[in-house]
Amino acid sequence: DAGVIQSPRHEVTEMGQEVTLRCKPISGHNSLFWYRQTMMRGLELLIYFNNNVPIDDSGMPEDRFSAKMPNASFSTLKIQPSEPRDSAVYFCASNPTGPSYGYTFGSGTRLTVV
Amino acid sequence: GNSVTQMEGPVTLSEEAFLTINCTYTATGYPSLFWYVQYPGEGLQLLLKATKADDKGSNKGFEATYRKETTSFHLEKGSVQVSDSAVYFCALMINNAGNMLTFGGGTRLMVKP
Chain V
1 DAGVIQSPRH
11 EVTEMGQEVT
21 LRCKPISGHN
31 SLFWYRQTMM
41 RGLELLIYFN
51 NNVPIDDSGM
61 PEDRFSAKMP
71 NASFSTLKIQ
81 PSEPRDSAVY
91 FCASNPTGPS
101 YGYTFGSGTR
111 LTVV
Chain P
1 GNSVTQMEGP
11 VTLSEEAFLT
21 INCTYTATGY
31 PSLFWYVQYP
41 GEGLQLLLKA
51 TKADDKGSNK
61 GFEATYRKET
71 TSFHLEKGSV
81 QVSDSAVYFC
91 ALMINNAGNM
101 LTFGGGTRLM
111 VKP
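Protein chains in written order, with our numbering: chain V, 1 to 114; chain P, 1 to 113.
Excised from the complex, chain V in its bound form (with noise of 0.2 Å):
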């Protein structure tokens, strides 16, 4: 088990260029969640699928912020365009259905904006 996939581990980019973070889950989990941590808001719930539909986006900061899942396998953020204030460390994680499995986190991507 490869566990949550992330990619790219790291990105830099200029303010304004749109950005994708893309995320494989663990096969077999139904459900899949978007966090963004920073130091000064710590960990933050951005949105939230299960079985490959958005249950729960209401942490998503603004527009700009976008998330899909077209398949069980691939999930992906995308922050169009980025801002310097979005500078922090995007974490994916997935889980069985269940209440006592817990998640399974993504090494993360440390995005900076420029």
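Among the hints, a few may not be true.
[Unchecked claim] Output of the computed footprint for chain P on chain V, the stretches with three or more beta carbons under 8 Å from beta carbons of chain P:
| id | stretch |
| --- | --- |
| 1 | 88-97 |
| 2 | 106-112 |
[As the list claims (entries may be wrong)] If you only want the chain V side, here are some residues facing chain P, beta carbon under 7 Å, derived:
| id | residue |
| --- | --- |
| 3 | Ser31 |
| 4 | Leu43 |
| 5 | Pro81 |
| 6 | Gly102 |
| 7 | Tyr103 |
Treat the hints as calculated values from the structure; they're not laboratory data.
In this text, a Cβ means the ideal position worked out from N, Cα and C, and glycines have one as well.
Following the hints, put chain P in place on chain V, whose structure we already have.
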């Protein structure tokens, strides 16, 4: 609603010291409880869990007991090592009510040799 409160960090200890990181919770239903650890530059990893009252989760020398009467799930380790330096997150998930984790704010542990 659901919430998790952890002690403020950073916690600084010498190697081989005893560790306690406090965690208390409020929950709208019956929760499962978790501790996650985040080492520098990495994602969160599940450290241990407990799914019902009086259960004790344990892993890598860490332990936590689900105390329903005090709504607590304190993390303990008898003898910490420098390699335990990390950020520790307490979390809960309500049983039979979806699978959303509610995290505490995290507690940074620094262990000095």
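Verification of the supplied hints:
{"no.": "1", "hint": "88-97", "in the structure": "holds (count 4)"}
{"no.": "2", "hint": "106-112", "in the structure": "holds (count 3)"}
{"no.": "3", "hint": "Ser31", "in the structure": "6 Å, holds"}
{"no.": "4", "hint": "Leu43", "in the structure": "6 Å, holds"}
{"no.": "5", "hint": "Pro81", "in the structure": "27 Å, violated"}
{"no.": "6", "hint": "Gly102", "in the structure": "5 Å, holds"}
{"no.": "7", "hint": "Tyr103", "in the structure": "6 Å, holds"}
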